[in-house]
Amino acid sequence: MDSEFQGVKKCVILTGMSGAGKSTALKVLEDQGMFAIDNIPPALLSQLMVILGKHRAAVRNGVAAVVDVRGDTLLDDFPTAVSALKTQIPEVSILFLDASDRALLARFEATRRRHPLHDEGTFLDGISRERIRLRPILDLSDTVLDTSGLSLPQIRKKLLSEVSGPALQDVLIFTSFGFKYGPPADCDFLFDVRFLSNPYYIPELQDLSGQDGEVQGHIWNSGEAEEFWKRLVSFLEHVIPLYFSTGKSHLHIGIGCTGGRHRSVAVAERLAAYFRPFGGMCSLRHRDIAREQGW
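Here the UniProt record's numbering is used: the sequence shown runs in plain steps of one and ends on residue 295.
Hints should not be assumed to be uniformly reliable.
To be verified - Taking CB as the label site, the calculated pair distances span:
id, residue 1, residue 2, range
1, Gln6, Arg285, 24 to 32 Å
2, Lys157, Arg60, 35 to 43 Å
3, Glu91, Leu44, 34 to 42 Å
4, Asp101, Asp142, 33 to 41 Å
5, Asp139, Ser100, 13 to 21 Å
6, Arg285, Val50, 34 to 42 Å
7, Asp101, Pro136, 31 to 39 Å
8, Ser222, Arg60, 41 to 49 Å
9, Ala106, Arg56, 21 to 29 Å
To be verified - As a list, the in silico EDC-like pairs of lysine to aspartate or glutamate whose alpha-carbon atoms are at most 16 Å apart:
id, residue 1, residue 2
10, Lys157, Asp38
11, Lys9, Glu91
12, Lys158, Asp139
13, Lys248, Asp31
14, Lys248, Glu91
15, Lys248, Asp192
16, Lys86, Asp146
17, Lys248, Asp146
Derived by calculation from the structure, the hints in this document are not laboratory data.
From the three backbone atoms N, C-alpha and C, an ideal C-beta is built for every residue, glycine too.
Could you build all of it, start to finish, from the sequences and the hints given here?
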């Protein structure tokens, strides 16, 4: 089936208790590149996959869909709809987000939102009716994620550990550039390496770039350069995990020298090679490497 199927290959169905974090989970998966849709009637899931077979992000990264008690009687179609979906696409998973009654009550009180089943009685009455209504879906779920006491970054971390895949990874981007052309506008961190020895003034190195071994050897051939490297790596090893733990999925680090051809390229190359084995996706870009050659 995998070899014949050219459309959507992955669907994550987010369901569970109101207030347990479905909206947060949907946003996390959307930030990871998945096509996100909220409050869809279960019977429409199959049609949605057909339509999204022409959507590049949905085909490449998958679809995340929230199905919950707001669907009212349409929720009765859930078991049949999921069975049909599993014959249609290769990977279907159901993630049920739950929390304790006390946690749910506190969240509704904090946000002053109305529970979907709070027609009569107390909030706890609505929560109790919702649990009964969702019991058949809970029994069908592949994973139950209890968000009681979890912060938003913790929910994100646990969610991504459950919904694994090449698209659902933190992305670390290293970009070399020349300050004479201006720094990239979307960097989270900028490092100026113009203090390193400049190969531009060495005739036999001038036409080479920081991708060449001769240039790299010249740049790192000093105790000061190696000390800078050790301190830079130590800083990034500390701050990168902290940055991703806040919920950010992309971290863009810019490395700049004068023209963006020698020093910044060499540093960015070494950083990408060092951090690539740590997991996630590591991207390397050399924005200005060819400018001074007129390419």
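- Item | Restraint check for Lys248 with Glu91, where alpha carbons must lie at most 16 Å apart | 26 Å, violated
- Query: Are the Cα atoms of Lys248 and Asp146 separated by 16 Å or less?
  - Reply: At roughly 22 Å apart (the allowed maximum being 16 Å), Asp146 and Lys248 break the hint.
- Query: If you draw a straight line from the CA of Lys158 to the CA of Asp139, is it 16 Å or shorter?
  - Reply: 21 Å, violated
- Message: For a C-alpha distance cap of 16 Å, please report whether Lys86 and Asp146 respect it.
- Response: Answer violated: Lys86 to Asp146 is near 25 Å, above 16 Å.
- Message: Tell me if the beta carbons of Asp101 and Asp142 are separated by a distance inside 33 to 41 Å.
- Response: Given about 24 Å between the Cβ atoms, the range is violated.
- Query: Going straight from one Cα to the other, do Lys157 and Asp38 come out at no more than 16 Å?
  - Reply: At roughly 21 Å apart (the allowed maximum being 16 Å), Asp38 and Lys157 break the hint.
- Mind checking the hinted window 24 to 32 Å against the Cβ distance between Gln6 and Arg285? Given range 24 to 32 Å: holds, Cβ gap about 30 Å.
- Query: Does Lys248 pair with Asp31 here, judged by a C-alpha cut-off of 16 Å?
  - Reply: 9 Å, holds
- For Asp139 and Ser100, compare the CB-CB distance with the range 13 to 21 Å and indicate the outcome. 20 Å, holds
- Message: Range first: 31 to 39 Å. Now tell me if the beta carbons of Asp101 and Pro136 are that far apart.
- Response: 20 Å, violated
- Query: Keeping to a limit of 16 Å between CA atoms, is the pair of Lys248 and Asp192 held or broken?
  - Reply: Judged against 16 Å, a Cα distance of about 24 Å means the pair is violated.
- Item | Status of the given 35 to 43 Å range, CB of Arg60 versus CB of Lys157 | This hint is violated: roughly 23 Å between Cβ atoms.
Going through the hint list in order, the structure does not satisfy hints 2, 3, 4, 7, 9, 10, 12, 14, 15, 16 and 17.
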